[in-house]
Amino acid sequence: YGWNEASIVFKNDKVNANVVLTGVKSIAANKSVVTKEFGVGFASYSYKLDQNLQLTRMISVKPSMKVHTGNPSFAVTIVLKNNGRQIQHLSYSERILVNYVLNSTQYIEKRKRPLSHEVDVRIDDKKEIGIAAVSATANKFLVLPARSERFVYDVAPPAVFMQCKRNDQEFSSQIKYKKDTLGTQIDLSLKPGEIKSFNIIIGIAEGQNFNDVQKQAEDLLTGADFNNTMEGLFAAQWKKRLPDLSKEKNIVLKREMLWNAHMVEASAKYSEYYKETFIPQGTVYSYFYGDNISNRDHLQAALPACYTNPELAKSAIRYVIKHSESDGEIKRGNYSGYGYTPPSLYKESDAQLYFFNTIAEYLEITKDYDFLKEKVDYYPAEAGKKDPVLIMLKKYFIYLRDEVGTGPNGLVKILNSDWSDSFFHEYSPNRYSGSAESHLNSAMVLAIFPKLINVLKQSGNPEATSLITALENYRTIIDSAFMKDLGDRNFAARAYLGRNLKFGTDIVSIEPQGYMLQIPGLSIKRKKEMYAYIKSKLITPEKIGARTREKPFWSGHNGEDGGIWFSLEYSLLLGVATFDKEEARSLLMKFSFDNYARQYPDYWVGHWTAADEVNSTLYREGLYEFWVGVPNLKEAFQGYCSHPHTWPLFCYFKLRQ
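Mapping of the sequence shown onto the working numbering: residues 80 to 736, in sequence order.
In case anyone wonders, no lab produced these hints; they're calculated from the structure.
Heads up, some of the hints might be wrong.
Unchecked claim - Mimicking EDC-like on lysine to aspartate or glutamate, the simulated pairs with C-alpha atoms at most 20 Å apart in a straight line are:
no.	residue 1	residue 2
1	K426	D500
2	K160	E273
3	K258	E197
4	K465	E228
5	K244	E197
6	K145	E297
7	K255	E273
8	K275	E327
9	K160	D266
10	K604	D681
11	K473	D449
12	K160	E116
13	K257	D203
14	K669	E621
15	K733	D681
16	K669	E629
17	K530	D449
18	K581	E629
19	K145	E285
20	K614	D681
21	K348	E285
22	K474	D500
23	K426	D481
24	K205	D291
25	K426	E404
26	K454	D466
27	K563	E608
28	K733	E629
29	K244	D266
30	K145	D447
31	K563	E542
32	K669	E327
33	K473	D500
34	K530	E551
35	K191	E207
Claimed, not checked - Here are the in silico distance ranges between beta carbons for each label pair:
no.	residue 1	residue 2	range
36	E608	W683	17 to 25 Å
37	I187	G600	47 to 55 Å
38	V98	A122	13 to 21 Å
39	G286	N83	31 to 39 Å
40	S251	E443	24 to 32 Å
C-beta atoms are modelled at their ideal positions from N, C-alpha and C, and glycine is treated no differently.
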């Protein structure tokens with residue numbers, strides 16, 4: 080892995096005094112001398128150092144004003160002020176270790192990893208730019224692919240650069256390196272009351288030569304505000320990129336929705352293989368394992384972008400389409416490596432349903448009906464086979480109808496995975512996948528198909544007529560089976576694996592309830608009665624959200640069997656919004672970061688980001704569930720999941736309609 084170190088040396092006495100500024104064991108951990116602030120596009124560390132020196136270290140990132148055009152670098156701005164009465168002679172240093180490791184191999188001994196990565200560092204003649212190029216060498220028998228081909232490992236890692244432009248009138252600077260460590264050293268003097276500043280640019284090199292890197296650094300600083308850096312160099316650009324919420328009177332919602340909209344932009348990443356930008360689920364999946372999974376999660380993350388950045392939402396939809404086989408299967412995602420999707424034990428039954436939901440919302444919000452005519456690649460991308468989006472929709476429906484199919488009770492089947500990837504952990508899918516039915520999948524059909532049918536009709540595309548008819552017929556069939564099974568219960572069951580293995584008939588399980596409450600055909604009176612009962616079992620007992628189970632099905636009391644999942648509770652909120660918007664708004668506040676911080680002031684993960692799940696009052700309440708078995712769980716930070724950011728933002732805009 081890489082590491083970073085910033086330090087400053089006081090050179091006023093015969094013995095130089097070195098102060099390390101970064102790291103948990105450094106002065107940065109001392110609250111009495113360091114003030115830390117962060118927000119949209121910046122993080123600031125302000126140090127009160129000895130000899131009356133004030134130092135501010137500001138990290139700024141720039142938003143992408145157009146999709147696919149982001150600059151993969153950031154600025155480190157150093158501002159130094161001498162508040163003393165004597166001249167200060169100083170030397171500032173910023174260093175980074177360039178050490179490329181595949182996420183999926185990080186706990187494998189270096190000599191046993193499939194690839195070795197070597198670093199070659201070059202410095203330009205002016206000593207303003209350093210480029211660390213990374214090369215890959217096979218450690219075992221492998222047939223390495225061409226750069227553009229998908230492969231289980233990444234054989235063409237990007238380069239890393241550091242740039243600091245010289246200013247001989249203000250300071251002396253030079254880029255240095257030692258083995259695989261890039262560094263910048265700036266020597267300067269400060270008179271009493273004098274202020275000096277400089278910028279160090281660090282990033283992923285889009286080009287491998289010095290001219291390319293210089294242009295990239297100049298592009299990053301274009302439009303930067305060097306005179307008002309309290310909120311970073313790019314506050315003005317971020318303000319233009321984010322939605323205008325100036326009329327929002329609720330300060331909690333205003334703060335959190337702007338933060339969440341920023342999260343949508345900041346987390347979006349470009350796939351070189353698929354040539355699309357998407358919003359990853361993040362957390363341990365992307366940021367620990369290196370797995371961009373699952374496509375159902377990427378589709379959910381794209382929902383708020385339909386309002387805030389339609390081009391980003393559209394690219395995310397294309398990204399998922401490009402994981403499609405010609406029979407309508409949508410692969411689970413891009414695992415470690417380059418465009419690679421491995422054989423998987425998961426045969427998901429719901430990817431098409433999540434796709435239908437997101438494209439229906441996209442078309443309804445943007446009215447971009449021409450998107451249905453756009454041709455998009457199948458998987459694999461290098462094969463070059465394309466079809467219009469509308470054809471893809473038809474194939475997705477056929478896959479849902481025929482490959483996923485329906486079970487003995489006429490409900491949509493699970494195969495071996497619906498939203499819950501863990502439902503078969505206690506049971507063999509080899510035994511039950513032929514009969515297992517999902518009430519969640521079935522409720523999704525009844526909630527999503529009406530709006531998909533509506534936008535297809537609104538598109539005026541004559542090629543959609545046959546699909547509309549097929550969707551309507553299928554919806555009618557599933558409606559009959561679902562309502563027969565529901566009967567006069569106040570909640571939907573969860574799943575039937577077999578005739579004598581039924582879940583959620585006497586215990587409320589959240590998964591299908593939100594989509595059930597979104598079904599247009601259910602009366603408002605019935606919805607209110609059902610919600611009152613569901614709320615009493617899943618929401619009322621909780622401080623911050625809606626838990627998955629009234630009581631666990633198994634013995635865990637946590638995770639999918641009792642935790643609080645953002646992707647599920649916000650679906651429930653949308654169901655409530657169909658008949659009681661005020662109650663839905665109260666849920667939005669209950670599910671907020673602000674409420675979490677009030678309930679659990681000492682648990683800092685949850686105040687401004689979260690994993691995909693938080694434990695309920697059933698077990699270790701307020702803490703998040705560890706999904707990784709690493710030697711030291713303290714290493715497994717699981718924040719920055721998309722769901723606690725993207726779902727509330729989407730619901731916020733829905734409630735404003």
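Consistency of the hints with the structure:
The suggested pairing of K426 with D500 holds, with an alpha-carbon distance near 10 Å, which does not exceed 20 Å. Of the supplied pair hints, the one linking K160 and E273 holds, its CA atoms being roughly 6 Å apart against a limit of 20 Å. Between the alpha carbons of K258 and E197 the distance comes to roughly 10 Å, so the proposed pair stays at or under 20 Å and holds. In summary, the hint linking K465 to E228 is supported, as the alpha carbons are separated by about 17 Å, within the 20 Å threshold.
A hinted pair counts as satisfied when its Cα atoms are at most 20 Å apart, and K244 with E197 does not qualify at roughly 27 Å. Proposed proximity of K145 and E297 is supported: the alpha carbons are some 18 Å apart, at most 20 Å. Between K255 and E273 the alpha-carbon distance is near 27 Å, which puts this suggested pair outside the 20 Å criterion. Taking the CA atoms of K275 and E327, the gap is near 39 Å; set against the 20 Å cutoff, the hint is violated.
Taken as a hint, the K160 and D266 pair is honoured in the structure, with Cα atoms around 14 Å apart against an allowance of 20 Å. For the hint linking K604 to D681, the alpha-carbon distance of about 42 Å lies beyond 20 Å, and the restraint is violated. Distance check on the hinted pair: K473 and D449 sit about 16 Å apart at the alpha-carbon level, within 20 Å; holds. The hinted pair formed by K160 and E116 meets the criterion: a straight-line CA distance of about 19 Å does not exceed 20 Å.
With a CA separation close to 15 Å, the supplied pair K257 and D203 stays within the 20 Å bound. Proximity of K669 to E621 is assessed by CA-CA distance (about 10 Å); at most 20 Å being required, the pair is judged to hold. Restraint check for K733 and D681: not satisfied, since their Cα atoms lie roughly 32 Å apart, outside the 20 Å limit. Pair hint K669 plus E629 holds up; C-alpha atoms about 18 Å apart against a cutoff of 20 Å.
In summary, the hint linking K530 to D449 is supported, as the alpha carbons are separated by about 18 Å, within the 20 Å threshold. Distance hint between K581 and E629 is fulfilled; the C-alpha atoms sit about 16 Å from each other, no more than 20 Å. For the suggested pair K145 and E285, the alpha carbons sit about 17 Å apart, so the restraint of at most 20 Å is met. Between K614 and D681, the direct Cα distance comes to roughly 27 Å. Violation of the 20 Å bound is thereby established for this hinted pair.
Among the hinted pairs, K348 with E285 is consistent with the structure: their alpha-carbon atoms are about 14 Å apart, no more than 20 Å. Between K474 and D500 the alpha-carbon distance is near 24 Å, which puts this suggested pair outside the 20 Å criterion. Proposed proximity of K426 and D481 is supported: the alpha carbons are some 14 Å apart, at most 20 Å. Annotation: proposed proximity of K205 to D291 holds, straight-line Cα distance about 15 Å (limit 20 Å).
Taking the CA atoms of K426 and E404, the gap is about 13 Å. The hint holds against a cut of 20 Å. Of the supplied pair hints, the one linking K454 and D466 holds, its CA atoms being roughly 5 Å apart against a limit of 20 Å. A C-alpha spacing of about 18 Å is found between K563 and E608, which places the hinted pair at or below 20 Å, so the restraint holds. Our distance criterion of 20 Å between C-alpha atoms is broken by K733 and E629, whose separation comes to about 28 Å.
Distance restraint check for K244 and D266: the Cα-Cα separation of roughly 13 Å lies within the 20 Å cut-off, and the hinted pair is therefore satisfied. Straight-line distance between C-alpha atoms of K145 and D447 comes to about 18 Å, which keeps the hinted pair within the 20 Å bound. Restraint check: the Cα-Cα separation between K563 and E542 comes to about 34 Å, which exceeds 20 Å; the hinted pair is violated. Distance check on the hinted pair: K669 and E327 sit about 18 Å apart at the alpha-carbon level, within 20 Å; holds.
The hinted pair formed by K473 and D500 fails the criterion: a straight-line CA distance of about 26 Å is larger than 20 Å. Distance check on the hinted pair: K530 and E551 sit about 11 Å apart at the alpha-carbon level, within 20 Å; holds. Simply put, K191 and E207 have alpha-carbon atoms about 37 Å apart, too far for the 20 Å limit, and the pair is violated. For the hinted restraint 17 to 25 Å between E608 and W683, the CB-CB distance of approximately 40 Å leaves it violated.
Hint check: I187 to G600, Cβ distance near 53 Å, so the stated range 47 to 55 Å holds. Look at V98 against A122: about 19 Å separates their beta carbons, and that is inside 13 to 21 Å. Under the hint 31 to 39 Å, the C-beta atoms of G286 and N83, about 23 Å apart, miss the expected range. For S251 and E443, the hinted distance range of 24 to 32 Å is not satisfied, since their beta carbons lie about 59 Å from each other.
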